[in-house]
Amino acid sequence: NAGVTQTPKFQVLKTGQSMTLQCAQDMNHNSMYWYRQDPGMGLRLIYYSASEGTTDKGEVPNGYNVSRLNKREFSLRLESAAPSQTSVYFCASSEHGAGLTYEQYFGPGTRLTVT
Amino acid sequence: DAKTTQPNSMESNEEEPVHLPCNHSTISGTDYIHWYRQLPSQGPEYVIHGLTSNVNNRMASLAIAEDRKSSTLILHRATLRDAAVYYCILRVANAGGTSYGKLTFGQGTILTVHP
Numbered sequence: 001n002a003g004v005t006q007t008p009k010f011q012v013l014k015t016g017q018s019m020t021l022q023c024a025q026d027m028n029h030n031s032m033y034w035y036r037q038d039p040g041m042g043l044r045l046i047y048y049s050a051s052e053g054t055t056d057k058g059e060v061p062n063g064y065n066v067s068r069l070n071k072r073e074f075s076l077r078l079e080s081a082a083p084s085q086t087s088v089y090f091c092a093s094s095e096h097g098a099g100l101t102y103e104q105y106f107g108p109g110t111r112l113t114v115t
Numbered sequence: 001d002a003k004t005t006q007p008n009s010m011e012s013n014e015e016e017p018v019h020l021p022c023n024h025s026t027i028s029g030t031d032y033i034h035w036y037r038q039l040p041s042q043g044p045e046y047v048i049h050g051l052t053s054n055v056n057n058r059m060a061s062l063a064i065a066e067d068r069k070s071s072t073l074i075l076h077r078a079t080l081r082d083a084a085v086y087y088c089i090l091r092v093a094n095a096g097g098t099s100y101g102k103l104t105f106g107q108g109t110i111l112t113v114h115p
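Chains A and B supply the protein sequences, listed in that same order. Using this note's numbering, count along the first sequence one by one with no gaps and you end on 115. Using this note's numbering, count along the second sequence one by one with no gaps and you end on 115.
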C-alpha cells in the first residue's frame, strides 16, 4: 500500500497563477483532509471531506477550493496564488466509526512557494 | 474548542525515558486526547490516543490525569529517531456522541534527543 500520496512534491508559482494539488489514498478511508503548515507552526485545517460527496471548511479556507473527486482522491485548488499561501501542504485521510481510532494518515507534503 | 498547552521544547538523552506533558484544563467529557509526532521534513504520524484510562502501545504510553485536565506522553527509552515535534491534540466529539475526525494542531513540543 502506498498510503497517502501527494503531487507535486515541490512547486513555485508567481502571484496570480493557479494550480491544483492532488492527493490520493489507497486505504479505502471515508474522510480526507487538507492542512497547511507555515514555518515553525503547527498544521492548520483548510478543508475536509467527511465522506465522498461532501466537503466542509476548516480553519483557514479563504483562497482555496476543494474537490472530492471520488473516495480515493481529494484535490486542493488555488485559483489566484498569493505570497501568503507559501507553505507546506499536507493531505491526510482517516476512517471513522464506532470503535475506530480516527487515526489520520498523512502524505509527504507539497512545498509551495509563491513569489 | 478546548485548547492544549505544551512546553515549547524538551531535551533528553538517548535510552532514557521522556515524559512530555500536556495541559487541557477546558477539556469536555467526550473529548479524546490524541498525540501525533512530526519527524523533520515529514507529515505527522499518529502516536497514541485515550479517553480516560492510561493507554500503552508499541510506541509509547499515555498517562491521563484523573480529572482529565492534563496528560503525559511517555517514551520509555528515547532513541535518536524519536527527535521530533510532538503534538497533543483534543479530538472533539459532538453532542450526539459521534466523533468528528477533525484535529486542531497547536505548536507542539520540540523534543531533542542527545546521543
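Possibly wrong hints are sitting among the right ones.
Said to hold, decoys possible - To give a feel for the contact side, a few chain A residues facing chain B, derived at Cβ under 10 Å:
1. Met27
2. Tyr35
3. Gln37
4. Gly40
5. Gly42
6. Pro83
7. Thr86
8. Phe90
9. Gly107
To be verified - Listed below are the simulated DSBU-like cross-link pairs for lysine-lysine, each with C-alpha atoms no more than 35 Å apart in a straight line:
10. A:Lys14 x B:Lys102
11. B:Lys102 x A:Lys71
12. B:Lys69 x A:Lys9
13. B:Lys69 x A:Lys14
14. A:Lys57 x B:Lys3
15. A:Lys57 x B:Lys102
16. B:Lys69 x A:Lys57
17. A:Lys14 x A:Lys57
18. B:Lys3 x A:Lys9
No wet-lab data here; the hints were simulated from the structure. C-beta: ideal position from N, C-alpha, C; glycine also.
Hints, one by one, checked against the model:
Interface hint at A:Met27: violated, since its Cβ lies 13 Å from the closest Cβ of chain B, which is beyond the 10 Å cut-off. Satisfaction of the interface hint for A:Tyr35 is found here, the shortest Cβ-Cβ separation to chain B being roughly 8 Å, below the 10 Å cut-off. With a cut of 10 Å, the hint placing A:Gln37 at the interface with chain B holds, because the nearest CB-to-CB distance is about 8 Å. Taken as an interface hint, A:Gly40 checks out: its beta carbon lies about 8 Å from the nearest beta carbon of chain B, inside 10 Å.
At its closest, the beta carbon of A:Gly42 sits 4 Å from a beta carbon of chain B; the interface hint therefore holds under the 10 Å criterion. Annotation: A:Pro83 was flagged as interfacial toward chain B, and the flag is violated, the nearest CB pair being 22 Å apart, outside 10 Å. At its closest, the beta carbon of A:Thr86 sits 17 Å from a beta carbon of chain B; the interface hint therefore is violated under the 10 Å criterion. Contact between A:Phe90 and chain B, as hinted, is supported at the beta carbon level, the nearest pair being about 5 Å apart and thus within 10 Å.
The closest approach between the C-beta of A:Gly107 and any C-beta of chain B is roughly 6 Å, which is under the 10 Å cut-off, so the hint is satisfied. Restraint check for A:Lys14 and B:Lys102: satisfied, since their Cα atoms lie roughly 32 Å apart, inside the 35 Å limit. With a CA separation close to 18 Å, the supplied pair B:Lys102 and A:Lys71 stays within the 35 Å bound. Of the supplied pair hints, the one linking B:Lys69 and A:Lys9 is violated, its CA atoms being roughly 39 Å apart against a limit of 35 Å.
For the hint linking B:Lys69 to A:Lys14, the alpha-carbon distance of about 46 Å lies beyond 35 Å, and the restraint is violated. Taken as a hint, the A:Lys57 and B:Lys3 pair is honoured in the structure, with Cα atoms around 20 Å apart against an allowance of 35 Å. A distance of roughly 11 Å separates the Cα atoms of A:Lys57 and B:Lys102; the hinted pair therefore holds under the 35 Å criterion. Restraint check for B:Lys69 and A:Lys57: the C-alpha separation of about 29 Å stays at or below 35 Å, so the hint holds.
Pair hint A:Lys14 plus A:Lys57 holds up; C-alpha atoms about 25 Å apart against a cutoff of 35 Å. Note on B:Lys3 and A:Lys9: the hinted pairing holds, with a Cα-Cα distance of about 32 Å set against a maximum of 35 Å.
The structure is inconsistent with the numbered hints 1, 6, 7, 12 and 13, although it conforms to all the rest.
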